[in-house]
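**Q** The residues making up each chain are set out below.
Number of protein chains: 2
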Amino acid sequence: MTLAHGGGGKAMRDLIGEVFTSVFEPESSEDQARLMSDAVREPGARLAFTTDSFVVDPVEFPGGDIGKIAVCGTVNDLAVGGATPLWLSAAFIIEEGTEIALLRRIVASMKAEADRAGVRIVTGDTKVVGRGSADKVFITTSGIGVIPAGRDLCAAHVQPGDVAIVNHVLGDHGAAILAARGEMALSADMPSDCAGLGHLMAAVAQACPTLRCARDATRGGLASALNEIADEAGVAVEIAEDTLPIRAEVKGMCEILGLDPLYLANEGTLVLFVAPEDVDAALAAMRSVPEGQGAVVIGRVHDSGSGPRVTMRTLFGGARIVDMLVGEQLPRIC
Amino acid sequence: MTLAHGGGGKAMRDLIGEVFTSVFEPESSEDQARLMSDAVREPGARLAFTTDSFVVDPVEFPGGDIGKIAVCGTVNDLAVGGATPLWLSAAFIIEEGTEIALLRRIVASMKAEADRAGVRIVTGDTKVVGRGSADKVFITTSGIGVIPAGRDLCAAHVQPGDVAIVNHVLGDHGAAILAARGEMALSADMPSDCAGLGHLMAAVAQACPTLRCARDATRGGLASALNEIADEAGVAVEIAEDTLPIRAEVKGMCEILGLDPLYLANEGTLVLFVAPEDVDAALAAMRSVPEGQGAVVIGRVHDSGSGPRVTMRTLFGGARIVDMLVGEQLPRIC
Chain R
1 MTLAHGGGGK
11 AMRDLIGEVF
21 TSVFEPESSE
31 DQARLMSDAV
41 REPGARLAFT
51 TDSFVVDPVE
61 FPGGDIGKIA
71 VCGTVNDLAV
81 GGATPLWLSA
91 AFIIEEGTEI
101 ALLRRIVASM
111 KAEADRAGVR
121 IVTGDTKVVG
131 RGSADKVFIT
141 TSGIGVIPAG
151 RDLCAAHVQP
161 GDVAIVNHVL
171 GDHGAAILAA
181 RGEMALSADM
191 PSDCAGLGHL
201 MAAVAQACPT
211 LRCARDATRG
221 GLASALNEIA
231 DEAGVAVEIA
241 EDTLPIRAEV
251 KGMCEILGLD
261 PLYLANEGTL
271 VLFVAPEDVD
281 AALAAMRSVP
291 EGQGAVVIGR
301 VHDSGSGPRV
311 TMRTLFGGAR
321 IVDMLVGEQL
331 PRIC
Chain L
1 MTLAHGGGGK
11 AMRDLIGEVF
21 TSVFEPESSE
31 DQARLMSDAV
41 REPGARLAFT
51 TDSFVVDPVE
61 FPGGDIGKIA
71 VCGTVNDLAV
81 GGATPLWLSA
91 AFIIEEGTEI
101 ALLRRIVASM
111 KAEADRAGVR
121 IVTGDTKVVG
131 RGSADKVFIT
141 TSGIGVIPAG
151 RDLCAAHVQP
161 GDVAIVNHVL
171 GDHGAAILAA
181 RGEMALSADM
191 PSDCAGLGHL
201 MAAVAQACPT
211 LRCARDATRG
221 GLASALNEIA
231 DEAGVAVEIA
241 EDTLPIRAEV
251 KGMCEILGLD
261 PLYLANEGTL
271 VLFVAPEDVD
281 AALAAMRSVP
291 EGQGAVVIGR
301 VHDSGSGPRV
311 TMRTLFGGAR
321 IVDMLVGEQL
331 PRIC
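As given, the protein sequences belong to chains R and L, one line each in that order.
Quick note: the first sequence uses full-length UniProt numbering, first residue 1, plus one each step.
Quick note: the second sequence uses full-length UniProt numbering, first residue 1, plus one each step.
Hints are computed from structural coordinates only; laboratory data are not their basis.
Do not rely on the hints blindly, as some may be mistaken.
Since copy identity is lost for identical chains, a pair holds within one copy or between any two.
To be verified - Straight-line distance between alpha carbons at most 20 angstroms, and here's what the computed EDC-like set of lysine to aspartate or glutamate pairs gives:
no. : residue 1 : residue 2
1   : Lys10     : Glu95
2   : Lys10     : Glu96
3   : Lys111    : Glu60
4   : Lys10     : Asp231
5   : Lys251    : Asp189
6   : Lys251    : Glu241
All values reported here derive from a predicted model rather than from experimental measurement.
When you get a sec, could you build the whole thing from the sequences and use the hints?
**A** Following this line, the structure appears as structure tokens:
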């Protein structure tokens with residue numbers, strides 16, 4: 001990549017044609033995509049709109065790369081809100097000197113993940129900055145989805161008695177990035193959990209009339225997601241340590257490094273809340289798709305007294321406060 | 001800014017609350033905005049969706065800053081396609097050590113410009129990267145607009161006989177950035193033309209049934225915009241040098257530095273094409289808003305022979321080929 005690739009002229013048009021639009025195949029050469037879907041016109045339907053920048057380091061890691069995470073992350077932000085993801089934009093900030101071959105791999109990965117999620121990448125942008133003004137490549141994806149009439153997932157709807165369920169083991173993404181940086185001389189095979197959760201959310205929303213809300217447990221991990229939800233709903237959440245699904249390799253890594261898997265980032269793991277009568281239906285729906293094979297109940301919602309928002313019943317029978325992450329556990333995790 | 005501000009925990013939530021959401025005032029604390037507008041549901045209406053990353057250096061310059069340009073750029077990409085801009089997302093990649101006061105100024109500038117354009121910034125994201133992994137702050141905005149039924153602006157619709165009109169003097173943004181970098185020891189007051197063009201486009205689209213297309217002449221300048229349009233329409237465009245509006249200071253700077261104002265970037269200047277019978281109506285509509293006070297005819301469309309796509313009749317009566325920009329005139333212009 002040279003600075004000319006970002007200059008607006010011939011070099012940029014050639015790059016965009018060869019590396020980006022030949023793969024994403026947008027319908028027009030205008031600067032904007034023009035879109036419509038019958039679902040958007042349905043009475044009571046709403047649009048969902050979300051954005052995320054991705055700066056993960058390294059840009060390629062076991063189980064994914066920055067392209068896969070950029071598509072999954074935005075698809076998931078739409079899906080956990082109850083929206084059917086439809087269209088994505090992708091904006092690239094590329095450091096001068098970045099290999100074109102790396103960009104091609106990232107773009108191929110985005111296309112494959114978009115196809116899997118049933119979304120189209122319809123518009124984009126590229127900027128090139130000088131050496132040392134960025135680190136290889138940053139990607140910002142934005143997404144539009146449609147929320148069908150009557151669906152209203154919202155943390156504030158969570159109420160005492162509700163049950164918390166996760167779909168997958170915790171902490172795999174954080175552990176994968178840590179291992180991939182090679183700073184720890186860890187040789188265990190640690191793939192990220194990076195995955196799109198659109199099909200999972202569609203199955204649960206269909207099966208569970210009492211689905212209150214869902215949130216993907218990305219930066220800050222499960223602990224931060226639970227604290228946000230408890231805070232917005234004005235309730236207390238108690239989770240049970242013996243129910244938390246964590247792989248032995250991740251547990252081991254956390255013990256060695258003094259990390260808490262509850263705060264490790266995930267990229268394909270969500271927590272959702274349903275009323276007790278819908279727990280079996282939720283588990284069955286989740287297990288009907290590959291991303292939900294590991295679905296388990298991890299906790300319950302209680303009245304909020306004056307006590308802490310999120311607590312964990314430990315293996316030894318005690319109770320521990322699970323607070324928000326205060327500092328930074330691991331920079332550039334996504 | 002510290003890395004903890006991007007970590008997903010308490011520091012990040014405090015930062016987002018204090019610096020971003022207290023100004024943008026999104027309606028919900030969910031990761032997605034939920035939106036609808038009557039205009040979207042009109043029969044025949046389409047959504048417009050666009051994205052751009054902004055990496056301008058310096059981040060503050062006469063006439064604007066990276067926040068203003070990030071809002072105007074995306075508003076303009078929607079507007080030149082005939083869409084009414086409705087909603088914006090804003091994603092920030094911030095270098096560790098960036099002053100919070102700078103962020104506050106940028107955010108205030110975005111809010112002011114969004115208000116002026118009549119759009120809402122409804123969702124966002126922040127990531128923090130280590131010192132030297134980015135340059136102060138990069139912003140990616142995406143935008144959703146609605147294109148009313150029956151409106152179809154498209155470069156391919158431009159045809160022989162059509163007239164090219166610009167709204168404003170050329171090259172002010174490129175000249176402003178060059179001067180602001182201070183490398184040239186130029187002391188002239190050179191403000192950028194950075195401006196939102198939504199109201200201008202609404203006025204022209206209303207007044208001119210034959211409006212074919214419009215394009216903002218950003219990176220690569222007027223020359224690149226004209227070449228793209230001529231290429232997509234399969235026509236030739238001839239512009240007249242004596243009609244091109246360029247400020248004397250910009251002309252002088254270009255002469256000293258050997259730059260061509262046709263390739264200098266603009267951030268509030270567009271070129272549009274109408275049939276000859278609509279020229280007077282277009283000029284009147286453009287001049288009815290502040291951003292169109294400088295509206296002038298600059299050229300005409302001809303049959304494409306085997307000759308070059310874009311030519312300029314010079315002051316001396318000759319003809320000069322106006323090609324696409326080949327290399328990079330000025331990096332990080334937007």
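**Q** With reference to the structure, classify each hint as holding or not holding.
**A** Here's how the hints hold up against the structure:
no., hint, result
1, Lys10 x Glu95, "within (19 angstroms within a copy, 31 angstroms between copies)"
2, Lys10 x Glu96, "within (17 angstroms within a copy, 34 angstroms between copies)"
3, Lys111 x Glu60, "within (16 angstroms within a copy, 36 angstroms between copies)"
4, Lys10 x Asp231, "between (52 angstroms within a copy, 12 angstroms between copies)"
5, Lys251 x Asp189, "within (14 angstroms within a copy, 61 angstroms between copies)"
6, Lys251 x Glu241, "within (13 angstroms within a copy, 71 angstroms between copies)"
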